[in-house]
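Q: Letter by letter, the chains look like this.
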Amino acid sequence: MVNSKLESIISKIIACTAIELPTDVYESLQTMQKNETQPLASELYSCIFDNLDKATALKRPLCQDTGVLQFFVKCGTKFPFLDDIEETLIAAVRNSTKSVPLRHNSVDCFTERNTGDNTGALSPWIEWEIAKGMNDLHIDLYMAGGGCSLPGRSKVLMPLEGYEGVVKFVFDTIVEWGINACPPLVVGVGIGTCAATAALLSKKALLRKIGTHNQDPKARDMEIRLKNGLDSIGIGPLGLTGSQSVQCVNIEFASHHPATLGVGITVGCWATRRGSVHINSDLTYTILSHANSI
Amino acid sequence: MDNSKKKIITTPICDEQILDLKIGDIVYLTGMLATCRDDGHRRVVESSRFPNFDLRGMSILHAGPIVKTTPYGYEMISIGPTTSRRMEAYEGAFIEKTSVKIIIGKGGMGTNTAEACKKHKALHCIFPGGCAVTAATEVEKIVGLEWEDFGMPEAFWIMSVKNFGPLIVSIDTNGNNLFELNKSTFNIKKDLALREILPHVHFSHN
Ligand code: SF4
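If you read the sequences in order, they're chains Z and S.
Going letter by letter, the first sequence gives residues 0 to 293 in numbering that gives the first Met the number 0.
Going letter by letter, the second sequence gives residues 0 to 205 in numbering that gives the first Met the number 0.
To be clear, the hints were calculated from the coordinates, so they are not data collected in a lab.
Positions of the beta carbon are idealized from the N, C-alpha and C atoms, including for glycine.
Be aware that one or more of the hints could be misleading.
Stated by the list, open to error - Derived DEER-like restraints, expressed as beta-carbon distance ranges: (1) S:Asn51 <-> Z:Thr36: 44 to 52 Å; (2) Z:Ile129 <-> S:Leu191: 45 to 53 Å; (3) Z:Ala130 <-> S:His201: 44 to 52 Å; (4) Z:Ala56 <-> S:Glu15: 33 to 41 Å; (5) Z:Leu159 <-> S:Arg55: 57 to 65 Å; (6) S:Lys161 <-> Z:Leu159: 57 to 65 Å; (7) Z:Met133 <-> S:Glu139: 48 to 56 Å; (8) S:Lys96 <-> Z:Ala120: 31 to 39 Å; (9) Z:Ile129 <-> S:His201: 32 to 40 Å; (10) Z:Met133 <-> S:Asp148: 43 to 51 Å; (11) Z:Thr259 <-> S:Lys6: 50 to 58 Å; (12) S:Lys161 <-> Z:Asn134: 49 to 57 Å.
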């Protein structure tokens, strides 16, 4: 059943995510603007902030590609409305498509017809996680734009290719494909056994806030080295060169099969739109992603 | 940028307006602009079906907008460029068949497009990707809609625009290609960066 109170919370986070950047992404772009030394790149940062100001003032989606909506749901086993979540998410997406409005981004497979309301087979996409014994609900929303989804890929390396292989895969992907995906990018890297787990972990890495690091010291060291290395290439905003390249590199990993080393990469554009909301069992809630939520 | 300092190109575009532009130059567009993406390119190139709008001397935008229907007509809400590279396989033939003069998108295009730009004296420019509300405020009016059967993002929206930009020339009429140049610099720097990092990530259980 659609829960109307829950729906209005989800609709609020959808609108908020489409119109304004999450606070960490906004602040990271501010820092990059401040540190930029090249004139064309500085001008492009001004265009970006001018656009963000207009989106807030006019309450319009900051980028026309509002993506495919993907929800990462962590639900307590004692949350009272567990049964309602899926239908409510779908209803919120359908209604927000009109009210925000969002672009129609769900195309049926094989008939290749646009459904016109952002819903369809497994659309919106929902990933579930269960929190044992808890009575609350946490939802991360990601708007997967087309341009920034294009560079994503995963590959299973032979273990002897080592982490050197992982690093090369990241650099090749960013230079070959990332430059068209509206840099400066947020880069998520996943390491695991197979193509699917590495890809999923790379998505989780992308959802992690900018400025946080993996707790494992070696993974953290690699995050920093990858970021510095990519920055030294000077991809700049929109791939038009500059003194930096990426907003961050986040790594998530799972222990892997001894005979494989899977690596996945998922990137978000300068306009990385994710929203996160914490909802209590009485349906009071807090938006965690947007400090000054509209 | 102050309007009097902007270099503005007005449609219909004649060769003289664009011949001396070089990659990296910044210009603005005033006049008619139509959106055309994957499906539109395929329809023109594979089926030789043309929209009811003469593209000669005009300009297209690789974009799929958000448009609102109001009692007074269509309202442009948000329109930013989409990845031009997706159209690479078709763009050369598209330029030849339509005599379009400026192609606007985001990211670079390849040799097929660069050769067509050289041969037919056309430009590829980029509009800063994602800056879709800025772009929408530079659209004066939606004057036509063709190929509605493709759905909102893929349809052929015809707009009148004023000082639409900044547009950064990425392929000029001599076929010079800014992104290809940048990419070769990036690749050289990539190899240097890898040389620095690789010795530090040789994790093993020896
Ligand atoms: S890559 Fe991001 S900013 Fe660029 S057009 Fe796509 S969604 Fe918008």
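Q: The structure should be examined with respect to each hint, and the outcome stated for every one.
A: Structure-based check of all given hints:
1. S:Asn51 <-> Z:Thr36: 44 to 52 Å: holds, 49 Å
2. Z:Ile129 <-> S:Leu191: 45 to 53 Å: holds, 47 Å
3. Z:Ala130 <-> S:His201: 44 to 52 Å: violated, 38 Å
4. Z:Ala56 <-> S:Glu15: 33 to 41 Å: Check passed, 39 Å falls within 33 to 41 Å.
5. Z:Leu159 <-> S:Arg55: 57 to 65 Å: This hint holds: roughly 58 Å between Cβ atoms.
6. S:Lys161 <-> Z:Leu159: 57 to 65 Å: Taking Cβ atoms as reference, Lys161 of chain S and Leu159 of chain Z lie about 59 Å apart, which means the hint holds.
7. Z:Met133 <-> S:Glu139: 48 to 56 Å: holds, 53 Å
8. S:Lys96 <-> Z:Ala120: 31 to 39 Å: holds, 36 Å
9. Z:Ile129 <-> S:His201: 32 to 40 Å: Because 39 Å falls inside the window, the suggested range holds.
10. Z:Met133 <-> S:Asp148: 43 to 51 Å: holds, 48 Å
11. Z:Thr259 <-> S:Lys6: 50 to 58 Å: holds, 55 Å
12. S:Lys161 <-> Z:Asn134: 49 to 57 Å: holds, 55 Å
Hint check: a violation occurs at hint 3 only; the rest are consistent with the structure.
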